[in-house]
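S.K.: Could you build all of it, start to finish, from the sequences and the hints given here?
Here the protein sequences come in this chain order: A and B. Letter by letter, the first sequence follows residues 1 to 781 in UniProt numbering. Letter by letter, the second sequence follows residues 1 to 147 in UniProt numbering.
On the chain A side, residues computed to face chain B include the following (Cβ under 10 Å):
(1) 438
(2) 617
(3) 652
Honestly, the hints are just simulated from the structure, not real lab data. In this text, all values refer to a predicted model and were calculated from it rather than measured experimentally. All residues carry an ideal CB built from backbone N, CA and C; glycine is no exception.
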Amino acid sequence: MPAPTPQPTPSLTPTPGLSVLSCLSKPPSLDPGPIQPPSPSLSGSVSASPAQSQSTFAVAGTANVTDIFYYSPLALLELSPSCCITRASARFLSDWRLSADQCIGHQLHLFLEKQIHPSTSISQVHAVIDAIDDAISARAERTSKPINTNHEAACRARVLPVFNGHQLLAITLEWQERPTALIESELVKPGLSTDEAFRILVQALKDYAIFLLDTTGHIATWNTGAELLKGYTRDEIIGKHFSVFYGKDDLEAGKPDMELAICLREGRVEDEGWRYKKDGTRFWANVIITAVYKHGLHVGFGKVTRDLTERKASESRLITAYEESEKLKSDFLANMSHEIRTPMHGMLSACSLLLDTDLTVRQRDIANIMDESGKVLLQVINDILDYSKLASGSFSVTSDIVGVASIIASVVRGVQTTLHPAVHFELFLAPDLPKSVQGDPLRFRQIVQNLVGNAAKFTEKGSIRVKASLQAEDVDSYTVLTEVTDTGIGIPENSTAHLFTPFTQFDVTTTKRYKGTGLGLSISKSLSELMGGRIGYRPNQERHGSVFWFTARFKKIKSLGQIQDWKNQLASKDGSLLPAPNTEAVDLQAELAKVASTRTLLLVEDNVINQKVMLGILRSIGFRNVQLASNGAEAVNMVRAKPVGYDLVLMDINMPILDGHQASSRIRESGINIPIVAMTAYALKGDRERCLEYGMNDYIPKPVDKKYLIRTLAKWLLSKSDVRRSVGPGQLGPPELGLALLDKNRALLEKNLNKVQDPSSVVEVTNEEQKEQPGAESVSG
Amino acid sequence: MYRADEDYGYASMPDFGDHVDNGIFSQILEMDESEGERDFSEPLVTNFFEQAEETFVKMDRALNDKNLDELSSLGHFLKGSSSTLGFNKIRDSCQIIQQYGHKLSVDGTPEADDTICLEKIGEALKSVKVDTAELEKAMKKFFGQTD
Numbered sequence: 001m002p003a004p005t006p007q008p009t010p011s012l013t014p015t016p017g018l019s020v021l022s023c024l025s026k027p028p029s030l031d032p033g034p035i036q037p038p039s040p041s042l043s044g045s046v047s048a049s050p051a052q053s054q055s056t057f058a059v060a061g062t063a064n065v066t067d068i069f070y071y072s073p074l075a076l077l078e079l080s081p082s083c084c085i086t087r088a089s090a091r092f093l094s095d096w097r098l099s100a101d102q103c104i105g106h107q108l109h110l111f112l113e114k115q116i117h118p119s120t121s122i123s124q125v126h127a128v129i130d131a132i133d134d135a136i137s138a139r140a141e142r143t144s145k146p147i148n149t150n151h152e153a154a155c156r157a158r159v160l161p162v163f164n165g166h167q168l169l170a171i172t173l174e175w176q177e178r179p180t181a182l183i184e185s186e187l188v189k190p191g192l193s194t195d196e197a198f199r200i201l202v203q204a205l206k207d208y209a210i211f212l213l214d215t216t217g218h219i220a221t222w223n224t225g226a227e228l229l230k231g232y233t234r235d236e237i238i239g240k241h242f243s244v245f246y247g248k249d250d251l252e253a254g255k256p257d258m259e260l261a262i263c264l265r266e267g268r269v270e271d272e273g274w275r276y277k278k279d280g281t282r283f284w285a286n287v288i289i290t291a292v293y294k295h296g297l298h299v300g301f302g303k304v305t306r307d308l309t310e311r312k313a314s315e316s317r318l319i320t321a322y323e324e325s326e327k328l329k330s331d332f333l334a335n336m337s338h339e340i341r342t343p344m345h346g347m348l349s350a351c352s353l354l355l356d357t358d359l360t361v362r363q364r365d366i367a368n369i370m371d372e373s374g375k376v377l378l379q380v381i382n383d384i385l386d387y388s389k390l391a392s393g394s395f396s397v398t399s400d401i402v403g404v405a406s407i408i409a410s411v412v413r414g415v416q417t418t419l420h421p422a423v424h425f426e427l428f429l430a431p432d433l434p435k436s437v438q439g440d441p442l443r444f445r446q447i448v449q450n451l452v453g454n455a456a457k458f459t460e461k462g463s464i465r466v467k468a469s470l471q472a473e474d475v476d477s478y479t480v481l482t483e484v485t486d487t488g489i490g491i492p493e494n495s496t497a498h499l500f501t502p503f504t505q506f507d508v509t510t511t512k513r514y515k516g517t518g519l520g521l522s523i524s525k526s527l528s529e530l531m532g533g534r535i536g537y538r539p540n541q542e543r544h545g546s547v548f549w550f551t552a553r554f555k556k557i558k559s560l561g562q563i564q565d566w567k568n569q570l571a572s573k574d575g576s577l578l579p580a581p582n583t584e585a586v587d588l589q590a591e592l593a594k595v596a597s598t599r600t601l602l603l604v605e606d607n608v609i610n611q612k613v614m615l616g617i618l619r620s621i622g623f624r625n626v627q628l629a630s631n632g633a634e635a636v637n638m639v640r641a642k643p644v645g646y647d648l649v650l651m652d653i654n655m656p657i658l659d660g661h662q663a664s665s666r667i668r669e670s671g672i673n674i675p676i677v678a679m680t681a682y683a684l685k686g687d688r689e690r691c692l693e694y695g696m697n698d699y700i701p702k703p704v705d706k707k708y709l710i711r712t713l714a715k716w717l718l719s720k721s722d723v724r725r726s727v728g729p730g731q732l733g734p735p736e737l738g739l740a741l742l743d744k745n746r747a748l749l750e751k752n753l754n755k756v757q758d759p760s761s762v763v764e765v766t767n768e769e770q771k772e773q774p775g776a777e778s779v780s781g
Numbered sequence: 001m002y003r004a005d006e007d008y009g010y011a012s013m014p015d016f017g018d019h020v021d022n023g024i025f026s027q028i029l030e031m032d033e034s035e036g037e038r039d040f041s042e043p044l045v046t047n048f049f050e051q052a053e054e055t056f057v058k059m060d061r062a063l064n065d066k067n068l069d070e071l072s073s074l075g076h077f078l079k080g081s082s083s084t085l086g087f088n089k090i091r092d093s094c095q096i097i098q099q100y101g102h103k104l105s106v107d108g109t110p111e112a113d114d115t116i117c118l119e120k121i122g123e124a125l126k127s128v129k130v131d132t133a134e135l136e137k138a139m140k141k142f143f144g145q146t147d
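M.R.: Right, here's the structure in full:
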């Protein structure tokens with residue numbers, strides 16, 4: 001008689017050790033051979049029922065229970081109460097691909113441990129044991145969680161505990177293969193490790209196309225997301241190469257293979273780009289390919305694709321909107337800055353006029369503050385204008401000749417005057433520095449000026465070193481490196497990141513101490529980038545201070561060699577003697593000087609050298625209020641802004657933007673009768689007439705002779721009222737008339753002059769006029 | 001080398017020969033605060049030579065491009081500053097360049113042939129470079145600069 005332990009539950013313990021013990025403790029007879037009834041068989045034949053069952057319903061002629069069990073169409077295992085396998089159905093053996101020897105007589109958990117798929121967890125076995133325990137305690141049917149088996153199926157066990165009264169006779173396990181719809185057998189075939197939870201997750205995901213490629217890039221698996229995203233069904237796509245998703249350009253560039261190669265090398269590759277669906281439409285995809293290894297062996301690639309079309313579209317909408325608003329802002333700034341600058345000039349001019357008058361000490365202090373603040377404000381406005389132009393992209397770099405060395409030298413010369421006395425300048429120009437190159441001299445100067453100016457501003461003692469060298473050279477360009485090293489206050493480490501950000505100064509206290517917009521460096525950065533260079537900062541290693549550097553690329557000038565040749569030759573002197581200049585000594589200066597301090601002149605001249613000389617001459621005569629305009633348009637604006645603000649305009653004729661003729665015409669068109677004196681070099685016959693034709697009143701030849709200038713100025717400033725009456729906008733007659741008027745005035749003047757001059761000088765004047773204007777009807781003294 | 005120019009009363013006016021109109025140039029020198037420190041004239045002259053150098057490069061390019069208009073305007077430009085400083089030889093060459101750039105001969109008669117104009121400009125440019133180099137050297141000496 002078998003004597004199974006009467007207590008139903010404790011016999012089944014998940015602890016392997018105990019189970020083994022309990023199994024071994026059974027008499028051998030309890031573990032019968034294969035396909036035998038659980039008890040020593042009395043009959044071994046058809047009708048016998050187990051003795052202990054005391055079957056009351058056995059009917060003669062019914063099949064042997066053992067056979068019924070064995071041939072049942074179900075995959076059955078019968079366990080002893082101690083969970084030793086006592087019987088197995090044929091279906092079980094065939095499903096699990098086992099022989100009877102491999103299961104009968106084995107402890108269930110040991111058996112299952114051998115049967116589960118290597119990739120799955122041992123806890124699956126415990127789950128089955130737990131289900132058995134549960135079923136026994138409940139004396140009811142239970143179904144275990146599925147386990148993955150060696151024969152690549154997911155099976156769950158229906159546990160049927162068989163009780164006779166309180167005595168547990170046996171436990172029957174009915175193994176059910178779970179429906180396989182959710183199980184990716186393809187996933188398993190390449191031998192990739194998977195977990196069912198992940199498989200379900202991957203399979204069910206609709207927003208991501210997740211699939212595996214084999215080592216050659218052919219598609220091995222396909223999830224719902226992939227089907228939805230790419231439009232191919234699983235059957236259509238399995239086995240195809242993944243390059244089918246790529247566009248023509250990518251294919252020509254060999255991108256698919258390249259991606260796999262990179263992926264193999266680096267383990268992973270990520271790409272964003274257009275991918276194509278089955279119907280030929282494209283979508284913007286984020287693709288991540290990961291190399292998949294199994295036991296160190298490369299088995300394929302995992303590929304995850306996301307559709308970013310919508311995100312990309314909204315991103316680009318955002319960017320467009322942002323750019324649009326930035327541009328509007330910059331345009332607005334650029335326009336406004338211009339509008340602000342004009343009155344600003346007016347204020348500054350008025351202020352400097354005020355400073356030239358007799359003021360008390362206190363008044364002068366206040367006016368100086370106004371003047372200084374005004375200048376700072378103007379600099380701010382100029383910076384903003386530059387910056388907004390740069391930001392709005394309307395800033396262009398012109399192509400001109402750049403004398404790198406001379407620009408740097410001239411900036412250094414200019415800044416030198418503002419230095420603290422304890423600071424000295426060192427200028428290093430590398431010998432291989434090209435003398436002249438092609439680029440934008442103004443912008444180059446602006447950067448140098450900014451960096452050198454900063455260095456001067458922030459350095460109170462020590463030195464400022466400006467070093468220019470040739471960083472690189474190729475067939476048609478030079479890259480020039482300019483470094484400015486100072487021993488100034490330096491820059492705190494935490495501020496270096498924002499140095500080139502607009503509107504930042506590196507700390508608030510310096511803003512108070514050092515005036516500035518915080519735009520200079522950011523403008524310099526943009527400018528150097530426009531010139532194909534870079535800008536940067538590093539601390540001064542040798543001493544406390546800063547090193548700012550920038551590079552700019554310039555085109556080479558092919559004919560430069562020529563210049564040098566000519567320079568070196570210093571060939572023989574040649575040229576004819578020119579007539580001696582007119583240097584008559586006319587002493588109108590004293591008289592003019594009396595009125596000069598109350599007169600304001602506008603000098604319109606584009607050539608800086610001429611500007612300087614004219615300013616120098618005018619100052620030496622006694623004029624303190626000379627405004628400058630560097631082209632006709634500027635002059636017209638200035639005169640229109642202050643129609644009675646100037647007493648006389650000295651107008652160069654040949655100027656960019658708007659020439660002297662046009663400028664004079666416009667001034668006259670505005671109804672302003674201010675005397676305009678043309679200055680033109682080497683006047684040709686007819687030039688003078690033309691000047692008059694355009695509404696100018698007089699004319700002085702260039703180079704401007706001081707004495708001649710004094711006479712002319714005297715004529716127009718000392719007899720001002722007369723002049724204003726004589727030439728008005730309505731009276732612009734033919735040249736003859738203008739000439740006649742001029743001659744009339746001149747005659748008047750000569751008469752006046754005669755009173756203060758000696759006769760010889762008058763002769764000189766006459767001679768010169770005859771010489772300069774041979775065609776004009778000259779007036780005799 | 002240095003001689004007192006009694007006619008004009010400029011004690012330290014050097015002789016630059018026919019390069020410089022002494023009257024005009026002395027006017028420039030007069031604007032210096034002192035003769036020891038040529039604070040006005042020296043940077044001005046230095047600036048001029050920079051300007052000249054840059055203009056020559058542009059002229060070379062324009063000549064290469066056969067751009068008569070540009071040559072004329074460059075000629076005019078440098079003529080302006082050279083004559084202001086009294087650098088007559090440079091001025092005269094610039095005048096030639098300006099004239100032929102306008103397709104006019106020096107005396108104002110039309111010169112229709114572009115090739116002749118370019119040739120004349122080429123010659124003038126050559127000599128103006130030589131003159132400029134020579135003058136620059138002399139000026140440096142005058143201002144006591146070292147090369």
